[in-house]
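Given the structure of chain A, go ahead and fit chain B onto it with the hints provided.
Number of protein chains: 2
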Amino acid sequence: MVKTSDKASVAALVSICYGQGLRRVIISPGSRNGPLSLSFKEHGGFDVQVIPDERAAAFMALGMSQFDKVPTILLCTSGSAVLNYAPAVAEAFYQRIPLLVISADRPKEWVDQLEGQTMLQNGVLKNFVNKEIDLPQEPSDEIGKRFHDRLVNEAIAACQYPVPAPVHLNVHLTEPLYGLTEANAEVRLIEEILVKKCLPDESLIKELLSDLKDHPRVILLMGMHSPDQALEKTLNGLSSKGWVIMNESSSNLRGDKIISCIDRCLEAIKTENEELLKPDLIISFGGPLVSKKIKQRFRKDPPKAHWHIDAHQPHIDMFQCLNKAIRVDPSLLLAALNEGLHEMKSEFQDHWLEISDRSIKNHFAFLEVASWSDMKAYSQILDALPSQARIQMANSAAVRYVQLYDHLRNQEFYANRGVSGIDGCNSTAVGMAHLSKEPVVLLTGDMAFRYDVNAFWSNQIPRGLKCIVVNNGGGGIFRIIPGPSASGHLEELFEAAMENSAEKVASLSGLPYLSAKNEVELESSLKELFADDATMVLEIFTPREENEKVLAAYFKALTS
Amino acid sequence: MVKTSDKASVAALVSICYGQGLRRVIISPGSRNGPLSLSFKEHGGFDVQVIPDERAAAFMALGMSQFDKVPTILLCTSGSAVLNYAPAVAEAFYQRIPLLVISADRPKEWVDQLEGQTMLQNGVLKNFVNKEIDLPQEPSDEIGKRFHDRLVNEAIAACQYPVPAPVHLNVHLTEPLYGLTEANAEVRLIEEILVKKCLPDESLIKELLSDLKDHPRVILLMGMHSPDQALEKTLNGLSSKGWVIMNESSSNLRGDKIISCIDRCLEAIKTENEELLKPDLIISFGGPLVSKKIKQRFRKDPPKAHWHIDAHQPHIDMFQCLNKAIRVDPSLLLAALNEGLHEMKSEFQDHWLEISDRSIKNHFAFLEVASWSDMKAYSQILDALPSQARIQMANSAAVRYVQLYDHLRNQEFYANRGVSGIDGCNSTAVGMAHLSKEPVVLLTGDMAFRYDVNAFWSNQIPRGLKCIVVNNGGGGIFRIIPGPSASGHLEELFEAAMENSAEKVASLSGLPYLSAKNEVELESSLKELFADDATMVLEIFTPREENEKVLAAYFKALTS
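Those sequence lines, one after another, are chains A and B.
Add 67 to the 1-based position in the first sequence for my numbering, that's all there is to it.
Add 67 to the 1-based position in the second sequence for my numbering, that's all there is to it.
Derived from the structure by calculation, the hints contain no laboratory data.
Check the hints yourself; a few may be wrong.
For chains that are exact copies, the list does not tell them apart, and a pair is met inside one copy or across any two.
What the hints assert, rightly or not - Listed next, the in silico DSS-like pairs over lysine-lysine satisfying Cα-Cα at most 30 Å (straight line):
| no. | residue 1 | residue 2 |
| --- | --- | --- |
| 1 | Lys198 | Lys428 |
| 2 | Lys359 | Lys175 |
| 3 | Lys337 | Lys280 |
| 4 | Lys391 | Lys175 |
| 5 | Lys362 | Lys175 |
| 6 | Lys616 | Lys70 |
| 7 | Lys212 | Lys367 |
| 8 | Lys136 | Lys359 |
| 9 | Lys428 | Lys584 |
| 10 | Lys584 | Lys193 |
| 11 | Lys175 | Lys198 |
| 12 | Lys193 | Lys175 |
| 13 | Lys360 | Lys371 |
| 14 | Lys345 | Lys175 |
| 15 | Lys391 | Lys324 |
Next up, chain A with everything else stripped away, as it sits in the complex (with noise of 0.2 Å):
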């Protein structure tokens, strides 16, 4: 016999999850949240997962759900609990993620009573949420059940309209909480029936075949993106046709044509091609984009015309010369443009590809030769990885190091560059690890691995897991970018300078710790690293002065 809260509000609430095709939940303990905790948990169809700190509990949601687009459900008791999930919310709702958060809350009449664990919830998610919902309170006739279960129905359908994103349902649960009755398989689904893609019509078509024979020279710069074969050879298709493609590690598309290093390559230019590389249109679609070199060269010289393609949000004015908004799938209309299109060959991309090309030599050269630093490691790292791996990408350093290496055809690469917090980037990997067959690997630093060590304070660490820590003493990124560093407060204001030993957070949690302080060391402990499917911890020793210098160096060296 399946039990289930004797509250029917929520014991409908678990069903219509279920039967809304939802199978994962991450608990928060608490008491007011217990009817609903009860009552997925003696559901028993569902995966329940119970993580004390609510802020890495969503960072572990964003990553599961980051894996297979599937909302993930995050339960919490009242007060300031759903507060620790805002900034995994955040990053989910730029991402377009699908989560479904359930707030438990007292009943409305004791909210700013001075109740304890009382606060007032309703728009605390707002900004990041597709829809906020309040259910109603206890319905106790036909008409109130009828209008819960709609809602509940609707929050769900809501987690992937118009675009996938979290959702907020709060509820309020009145005392006592934690009465059991026989679940009854009674439950009232309504199905949603969407059109996702809608085609472009063939006049739209036209009409930008036309508009591109006045843009030859066409670079497609691509954001973050999931793997997408279908598209992979749409982007071949209009490489052949000319076109620049250009995007980045987290787009997750490659090709022989397709620059995927994109400030390596802008790093590579020399003065005298400037007038030849010059677009006449870029295209953009996908999300967020890292390089903030190819931002500054188009911001600063904008090409004639820039077209961003979003079936949501296409007003992405990256250049501040946005001329077409165009609202439509872009995998389709990138398709039917493609189809329209005539082979030919192309000076511009032959330009592009040449300099591509020079950086990757250089690129190999230098590596070759260069001394022991975060670069060096970088490059060390990233040769070992798995083919199959699965790679979480930590803000900020990490990130960046990586744009500039070569990737293999099936490593997929993530990132939380939504809004790009340092904040919940080990809990997104143990997320994604508890999913994933393949190995996890999260490639961070000392600062945010530290930031996030609530990631590991869990009965249920997954396996397959890889911490690969590049130690260089602080906040590195302040090093690589400019501005902090000449302002006579880098260690104190921006690195942080402090002692963060990955060592000690991974004895904190019990996983077995690996280090290296050399070329030869990392060589062997990425070995051991990668010999089993054990959850560890990698720690890498840079020289946090030398870093910087054998990073300006190396862009130096990609011109020569």
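Just chain B, lined up with the frame of chain A:
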């Protein structure tokens, strides 16, 4: 020569903060907030702390401003950073503690444009601030500058009006960020002239005194409060007029006839007394109350009348029988009532004090022979506390246990009972220890201590902080409140039973560590703990399953 940002608005903001008397800034490192970080640091007049985890930083600020009621400035970078402030900001709001939250932001033209570390920051703290101001972006003319400076002045004043609370300033900053220039002494200050206390008029006093004649049996119930000698005198005066005065450790006002252990007293009531103990009127004031028992008692059997006194929000309908919401300063009103009343003997008061006396006698008799448990450990701890200690009680078992013991006159008790979250108890204590000359004692459990591990992630851990961690192997609170223990999932879903090692947390942060697992060891380790002003951790191991039995036996013994 004092330097400051070459952005005139940033320079002005920093000067106005100083001119308005603010002296403390907690900075969480970032790039976008660089101009502000540099200007606060270069100014020379601010105590600048650098705390990488914004959640911990904000609770630390709360602990500082809880101590001296002066707003602490919190400064973070753009993106999710400010969201990590939310739990402490909500707590400060409900505790009425002033904070000035400054979040750096990208220029408006780059918000929601796929930029790094950028999100919609407006409104994210809306529920928990007196005011939110999005400062105008780089004012270039005189009108714009004067507008900007007025807004900054207004924001600082809003930290105190209508009641002390957080204020959120969002500051859009354009690159280049790090230019410095010579500071200019000129600054526009607006002095706010505020009549803080409005005297209640004669006719009101007269009316209330007349009402009191119809309600001879009065309970005066006070929640959280700061130490206040004048008010303490008033309360002692009112008790000589026959009133029953009840408060809690965190009320910080003591007196011979003040019942400061509400739950202990209520549990000592024998059934025959009930009718004699019924008040005609409850008058309440102050912040949140910990005791659930008193709320339950009078919700079940409400008095004829309930008055709540508060100058800002008097509609606190604690027993759902509120009939006067008195919008006036409680100290002034109570002093006036005290003056207008005559001394009298009250049987009602005698009955209550008799029960209270019985509870004290039974309390000591029980503890004399109690076996090793949370109950016993807290008794030893409270006996050992320095006579002037500032005690930070963590949520939630710690704060509940402390309510059962008597407190010394000059000790001060604090707890995050605004929202009662587990999330920042360590950091709040760290913040207070930065300012307090007296030792600060954190009384906490293993879950709360581990949750806020990043409280100690700092290069500037203060001296004089004594962390006492009662380790009962998980969320012990869920064993002592009814419900979860009977659910069949107590350990997994509620206690989150796990090995939380305070020793490893101490080691992560380089703090000296002591431990005790019985009465004898505790005796000697408490001596060692308070032997000097070193900050250290004392972990006390108590038997998880025994604790609830001892507590149940204790409550039973109170009536004997």
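When no copy is named, should Lys360 and Lys371 be tagged within, between, both, or neither for a Cα gap of at most 30 Å?
within (19 Å within a copy, 72 Å between copies)
30 Å Cα cut-off: does Lys362 pair with Lys175 within a copy, between copies, both or neither?
Answer is between; shortest inter-copy Cα gap is 17 Å, intra-copy 48 Å.
Lys359 and Lys175: within-copy, between-copy, both or neither at 30 Å Cα:
between (47 Å within a copy, 18 Å between copies)
I want to check one pair: Lys391 and Lys324. Are their C-alpha atoms no more than 30 Å apart within a copy, between two copies, both, or neither?
within (26 Å within a copy, 77 Å between copies)
Regarding Lys391 and Lys175, is the shortest C-alpha distance of 30 Å or less found within a copy, between copies, in both, or in neither?
Cα proximity of Lys391 and Lys175: across copies only (21 Å, versus 47 Å in one copy).
Within a copy, between copies, both or neither: which one fits Lys428 and Lys584 at a CA-CA cutoff of 30 Å?
within (27 Å within a copy, 64 Å between copies)
Checking an output row: Lys198 and Lys428, CA cutoff 30 Å. Within, between, both or neither?
neither (50 Å within a copy, 56 Å between copies)
One pair to classify: Lys175 and Lys198, alpha carbons no more than 30 Å apart. Within, between, both, or neither?
Close inside one copy (20 Å) and across copies (24 Å); limit 30 Å.
Is the C-alpha distance from Lys136 to Lys359 at most 30 Å within one copy, between copies, in both cases, or in neither?
within (28 Å within a copy, 43 Å between copies)
If the cutoff is 30 Å on CA atoms, where do Lys616 and Lys70 land: within, between, both or neither? Let me know, please.
between (64 Å within a copy, 28 Å between copies)
If the cutoff is 30 Å on CA atoms, where do Lys337 and Lys280 land: within, between, both or neither? Let me know, please.
within (29 Å within a copy, 93 Å between copies)
Alpha-carbon proximity between Lys193 and Lys175, which holds within one copy, between copies, both or neither at 30 Å:
This pair counts as both: shortest intra-copy Cα distance 19 Å, inter-copy 19 Å.
Checked against the numbered hints given earlier, the structure breaks hints 1 and 10 and satisfies all the rest.
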